[in-house]
Amino acid sequence: LLLIIFPNKCLIGSLFSKEPVRGKSDNQLQGDQYISGALDINSTIRAYQTRGHLIANTDPLGIQNSESAKLQGSANLPPAIVVRQHLKGMTEADMDREFPLGSLTVIGGDKRKLTLREILKRLNKIYCGHLGLEYTYIHDLNMLDWLRQKFEIPGAWELPAEHRKWIWMNIMRAVSFENFLAKKYGTEKRFGLEGCESFIPAMAECMETSALNGVETVVIGMAHRGRLNTLVNICLKPMSQVLTQFNPISLEGFGSGDVKYHLGTHSEKLLERTKKKMLVAIMANSSHLEAIDPVIVGRVRAEQVAKGDSKHGKRSLAILVHGDAAFSGQGVVYETMHLTNLPEYTTGGVIHLVINNQIGFTTDPRYSRSSVHCTDVARVVNAPIFHIHADDPDLATYCSKVASEYRATFHNDVVLDIVGYRRSGHNEMDEPMLTQPLMYKRIKEHPSVLSIYSDKLLKEGVITQAFANEEIEKYISHCEEEFRKAQTISTMQMSDWYDVPWTEFFSNQTPQNKIPSTGIDIATIKTICNAISTPPKDIEAHLQVLRAMDRRAKLMESRQIDWAMGECLAFLSLLKEGYHVRLSGQDVERGTFTQRIHIIHDQSKDKTYKNILRDVFPRQALYTVSNSSLSEYGVCGFELGYSAYHHNTLTLWEAQFGDFANTCQVILDCLLCSGQAKWGRQVGLVLLLPHGMEAQGPEHSSARLERFLQLCDDECTHVPGKEPGARVGETVEQIMTRQLFEINWIVCYPSTPANLFHLLRRQMLMPFRKPLVIMTPKSLLRHPMTISNFEEMGPGTSFMHVLPDPFVKPGNVKKVLLCTGKVYYDLVIERQERQLEDKIAIIRIEQLCPFPYHLFAEEMVKYPRAKIMWLQEEHKNQGAYYYVRDRIALALGIPIEEIKYSGRPSSAAPATGSKIIHKNEYNNMIATALSLD
Numbered sequence: 001l002l003l004i005i006f007p008n009k010c011l012i013g014s015l016f017s018k019e020p021v022r023g024k025s026d027n028q029l030q031g032d033q034y035i036s037g038a039l040d041i042n043s044t045i046r047a048y049q050t051r052g053h054l055i056a057n058t059d060p061l062g063i064q065n066s067e068s069a070k071l072q073g074s075a076n077l078p079p080a081i082v083v084r085q086h087l088k089g090m091t092e093a094d095m096d097r098e099f100p101l102g103s104l105t106v107i108g109g110d111k112r113k114l115t116l117r118e119i120l121k122r123l124n125k126i127y128c129g130h131l132g133l134e135y136t137y138i139h140d141l142n143m144l145d146w147l148r149q150k151f152e153i154p155g156a157w158e159l160p161a162e163h164r165k166w167i168w169m170n171i172m173r174a175v176s177f178e179n180f181l182a183k184k185y186g187t188e189k190r191f192g193l194e195g196c197e198s199f200i201p202a203m204a205e206c207m208e209t210s211a212l213n214g215v216e217t218v219v220i221g222m223a224h225r226g227r228l229n230t231l232v233n234i235c236l237k238p239m240s241q242v243l244t245q246f247n248p249i250s251l252e253g254f255g256s257g258d259v260k261y262h263l264g265t266h267s268e269k270l271l272e273r274t275k276k277k278m279l280v281a282i283m284a285n286s287s288h289l290e291a292i293d294p295v296i297v298g299r300v301r302a303e304q305v306a307k308g309d310s311k312h313g314k315r316s317l318a319i320l321v322h323g324d325a326a327f328s329g330q331g332v333v334y335e336t337m338h339l340t341n342l343p344e345y346t347t348g349g350v351i352h353l354v355i356n357n358q359i360g361f362t363t364d365p366r367y368s369r370s371s372v373h374c375t376d377v378a379r380v381v382n383a384p385i386f387h388i389h390a391d392d393p394d395l396a397t398y399c400s401k402v403a404s405e406y407r408a409t410f411h412n413d414v415v416l417d418i419v420g421y422r423r424s425g426h427n428e429m430d431e432p433m434l435t436q437p438l439m440y441k442r443i444k445e446h447p448s449v450l451s452i453y454s455d456k457l458l459k460e461g462v463i464t465q466a467f468a469n470e471e472i473e474k475y476i477s478h479c480e481e482e483f484r485k486a487q488t489i490s491t492m493q494m495s496d497w498y499d500v501p502w503t504e505f506f507s508n509q510t511p512q513n514k515i516p517s518t519g520i521d522i523a524t525i526k527t528i529c530n531a532i533s534t535p536p537k538d539i540e541a542h543l544q545v546l547r548a549m550d551r552r553a554k555l556m557e558s559r560q561i562d563w564a565m566g567e568c569l570a571f572l573s574l575l576k577e578g579y580h581v582r583l584s585g586q587d588v589e590r591g592t593f594t595q596r597i598h599i600i601h602d603q604s605k606d607k608t609y610k611n612i613l614r615d616v617f618p619r620q621a622l623y624t625v626s627n628s629s630l631s632e633y634g635v636c637g638f639e640l641g642y643s644a645y646h647h648n649t650l651t652l653w654e655a656q657f658g659d660f661a662n663t664c665q666v667i668l669d670c671l672l673c674s675g676q677a678k679w680g681r682q683v684g685l686v687l688l689l690p691h692g693m694e695a696q697g698p699e700h701s702s703a704r705l706e707r708f709l710q711l712c713d714d715e716c717t718h719v720p721g722k723e724p725g726a727r728v729g730e731t732v733e734q735i736m737t738r739q740l741f742e743i744n745w746i747v748c749y750p751s752t753p754a755n756l757f758h759l760l761r762r763q764m765l766m767p768f769r770k771p772l773v774i775m776t777p778k779s780l781l782r783h784p785m786t787i788s789n790f791e792e793m794g795p796g797t798s799f800m801h802v803l804p805d806p807f808v809k810p811g812n813v814k815k816v817l818l819c820t821g822k823v824y825y826d827l828v829i830e831r832q833e834r835q836l837e838d839k840i841a842i843i844r845i846e847q848l849c850p851f852p853y854h855l856f857a858e859e860m861v862k863y864p865r866a867k868i869m870w871l872q873e874e875h876k877n878q879g880a881y882y883y884v885r886d887r888i889a890l891a892l893g894i895p896i897e898e899i900k901y902s903g904r905p906s907s908a909a910p911a912t913g914s915k916i917i918h919k920n921e922y923n924n925m926i927a928t929a930l931s932l933d
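In the UniProt record's numbering, the protein residues as written are 1 to 933.
Calculated directly from the structure, the hints in this document are not laboratory data.
Below are the PhoX-like pairs computed for lysine-lysine, each with C-alpha atoms no more than 25 Å apart in a straight line: (1) K165 to K456; (2) K125 to K113; (3) K867 to K900; (4) K183 to K485; (5) K150 to K456; (6) K900 to K809; (7) K276 to K401; (8) K441 to K189; (9) K125 to K150; (10) K459 to K165; (11) K474 to K183; (12) K814 to K839; (13) K275 to K165; (14) K277 to K311; (15) K456 to K125; (16) K125 to K111; (17) K576 to K514; (18) K150 to K165; (19) K814 to K876.
Simulated DEER-style distance windows between Cβ atoms: (20) D602 to D714: 43 to 51 Å; (21) I917 to M785: 24 to 32 Å; (22) T731 to M785: 29 to 37 Å; (23) D615 to I917: 43 to 51 Å; (24) K554 to P864: 37 to 45 Å; (25) P343 to G89: 51 to 59 Å; (26) T797 to S907: 33 to 41 Å; (27) D110 to R614: 51 to 59 Å.
All C-beta atoms in this analysis are idealised placements derived from N, C-alpha and C, irrespective of residue type, glycine included.
Required output: the full structure, derived from the provided sequences and hints.
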């Protein structure tokens, strides 16, 4: 750049040289020094913009960067960490000398020159005061210029008096609410907001400004810190309903409920300043803090898709609230962040707010992260980050306004880091002096933000003491009235805490609702099979794709389908009936095993492809299939959130291998399987988990079927229909529907394409929603025996919970092998080779949970004198054995000792990595299973 501006190399050298240049006049030297000074000034300005946040005075306790408070509004030079060498050689005489301002700053407003003293004063105020700005790593120059305009122009931060009065009202409510709870419930855990109450006006401003930019729905995800305050003062949940949770009350309906600071809500709110109506939801969350992040993003994405707003997300907004230690410490934050610009996952930008207590439980920030700030992970998506002094509500509000405008303008994430403290320790029962004695000595002496802000506005004449006293008294009176109302409530209504508006869907649910047949007409089957077996004419497809489609066409001619075709039939028939279908996960577009091929890529043209499941039927619903980022925790959570928005969407997440679901265990344990029991949240998310021992090693074999079964909440004490209080005269169909209605989730290991088809369709045709876990195959995807006929999916057909043995005559059978899933085909082949079809029957249990007691017992009547053995390819301490053993015994009324086991012995690893060991284990398993001894 210097060579272009100053082609004379001698001149360039003089800019950086201490010695005078020979042959130059005094006037020339003065001009050179002036240019040199200008270049140093620009470097100084850039240094402030880049590194000023490192010493900004953002800590109300003055523990961090204690020297930075002296810089605010002064013209003293900041520490070398900011300016480095850029002002080296400058003297006091230079302080009142004017310097030109380059294009990278607007601190002068209309002025293009300022004295050095004024330049430093303004830079110190902007970049080293109560605000620490991080944004210079952003690549887009338009974004950089936009942000500089918002923060560097003199007077940009000033807010009108009425706006500041509104801020005071929000601060007053936030502080008064916490004080009220401390007075009424001093010995209860509340995870109060004390020390970060500026969060409340910041949240309120995000909503007000977003409403002006077209946002109609805001969905909030946050952990427990400040949640009660948010429910009351942001979501406008009736305070009496919140206070009721402090009382010993009963719970309406079935379920466990949850602690008060995990619950969610949804409501319609009339905003105070804009007078616009906004739908506000806060989703229930477990104690796993940041686990809710991807769920919120998925929930908002689903709404944007439903409303045709998925390109920029102008009408629906996700706001994620983090703790400082969790934001830097939990990997799901990073996984969620990286979804922000992916086409099928973006929401047009997320607003992140950090309630920064400067401590994690009892861990000092110095020992809880390696980065300077807790928010450094946000840099990966070029999100601007605003570090804000929590005792400066004006600044917190202004930054929230800018953040909301930035999101609306550039459709990207933005972070508000509100730096405060925790007045009462981790929770109100904690003694923080044990671990942070010096910090809490300062906290005890530190006035509340309401006191600080009130004094400021009183001095400036924005409010009067009479106004303040009157408003505080009115709010406390309101709290007392709500407290009295709460004492009259004896039962918690779960419907008051639903975080999705499925009111009508919930109200029509009873265990007596009938599940219709899931079969479809043969003409529709043929239309679908033809669509998925005909290569598109405008795409140059890969030879392997053409071979797969040719195989499908041949199957169709014989009125048969394979596994992938069964899946397509389910999807397209639901799309035809108006159900939106979304499939997400790693490599789902073609399928991990190249079995699905829903997206066909042109072999000669980049970014040219076709989704063959779209536009098959007139006016069919939207089908979305998208390869995800290499994430399980984040993406599975996203799809859970997607499924939570609308009950008429079939949402599926597929693990590349079933084992990889291990990485998202928090989503499965704490949100999916227990979400209805804790929060009344019904979702129909489907998990597709490739499972089966294929000599692929310990992390490519087992989806851990045993874990999913262990998490099922069904009792094994009475056969359904015979338990105390059972309805008289219930049919088997009614009992099995009631089992589905009452279970927390459904676990299946189907073995035929037809049963997969019926399972997926049943998921939408049920009059209620339950998560569905499916163990899907790998080698069976092309197995010649894994074939179903059209008639198995035709009108009047349904899912087969138990599949009988089609090859044996019951009268001669001496042994019944019970199994589920893939191992059935191994057994059939081995039995045939040993000519044991007349001696051994093989029965498949396709739905493991809820267990089909009646249908299973009915099938076993055919074999009254046969020995019973459970066979699985998983190790004995894994798989379904310990779950089904007790249920088989209960269904048949026999001791569990009569149910023998065949399979691999107990093992710490889910599979061997040795093909020799794998083969030996297989041989031993088969030999035991097919032995008649």
